[in-house]
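Colleague: Please build the complete structure, drawing on both the sequences and the hints.
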Amino acid sequence: MQQWFHDRSEIASSTRTRLFKKCEALLIQMQREAFRMKVNPSCPYEFEVIDFHSRSYVVNLKDKTCTSCEFQLDQFVCVHAVATIGRCPDLSCHDFISPFYKIEVLVCTYVATVHPIGNLSSWDVPQQTLSIISKPPPCDERPPGRPKKRLYLCIGEGYWGQRHGKQKCSRCKWYDHNKKSCRHPIPSVEDPNTI
Numbered sequence: 000m001q002q003w004f005h006d007r008s009e010i011a012s013s014t015r016t017r018l019f020k021k022c023e024a025l026l027i028q029m030q031r032e033a034f035r036m037k038v039n040p041s042c043p044y045e046f047e048v049i050d051f052h053s054r055s056y057v058v059n060l061k062d063k064t065c066t067s068c069e070f071q072l073d074q075f076v077c078v079h080a081v082a083t084i085g086r087c088p089d090l091s092c093h094d095f096i097s098p099f100y101k102i103e104v105l106v107c108t109y110v111a112t113v114h115p116i117g118n119l120s121s122w123d124v125p126q127q128t129l130s131i132i133s134k135p136p137p138c139d140e141r142p143p144g145r146p147k148k149r150l151y152l153c154i155g156e157g158y159w160g161q162r163h164g165k166q167k168c169s170r171c172k173w174y175d176h177n178k179k180s181c182r183h184p185i186p187s188v189e190d191p192n193t194i
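Quick note on numbering that gives the first Met the number 0: the sequence shown kicks off at 0 and runs consecutively.
The set of hints was computed from the structure by calculation and includes no laboratory data. Check before you lean on any hint, since a few could be wrong.
List time: in silico DSS-like cross-link candidates among lysine-lysine, alpha-carbon distance up to 30 Å [claimed, not checked]: (1) Lys101 - Lys61; (2) Lys134 - Lys165; (3) Lys178 - Lys148; (4) Lys101 - Lys37; (5) Lys167 - Lys179.
All figures in this text were calculated on a predicted structure; none of them were measured in a lab.
Modeller: Written out as structure tokens, the structure reads:
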């Protein structure tokens, strides 16, 4: 842990960009893709962006939102926002990125020093802590009985190619059986001419 903190602290202090290396590379890639998009302004802070697949997105720079939802969820500019910001000469993409992606925050994260813990025999442990007996949880004990064969699926899960609804009889319209195993009497069909 000590070495891990030290290595990342040195990486953070030696980085000369405003963002993490991965974020900076992602931003450069987005800027390349943004040149192929068409931007139509509707007001000073709201734009329609049409990508190279002819899909339309609405970017609001004031609220930092996009209809692709990447801008507001990641708090990092999406490619549509980059295309919009690129058309405005007085704006920078860095102004619309959350501080969590900036290098100053990374430096502050690793500013603390992790001291070596030393030899175990030199530790000063209170007596009440030594008297506590802790056992690991019994993770290898199985419940009694035969394991269940049926897998209980969550919502949205399912096997491909299998029916997802209940079985329904085509003769009596009741569930949990089919026409071959139907025990209900055959419904009589009334003749409409006998009325």
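Colleague: Does each hint hold? Answer for all of them.
Modeller: So, going through the hints one by one against the coordinates:
1. Lys101 - Lys61: Distance of about 20 Å is within 30 Å: holds.
2. Lys134 - Lys165: violated (47 Å)
3. Lys178 - Lys148: Given pair Lys178, Lys148 holds - Cα atoms ~28 Å apart, limit 30 Å.
4. Lys101 - Lys37: OK: Lys101 and Lys37 at ~29 Å, within 30 Å.
5. Lys167 - Lys179: With Cα atoms ~11 Å apart, Lys167 and Lys179 stay inside 30 Å; holds.
When each numbered hint is compared with the structure, a violation occurs for hint 2 only.
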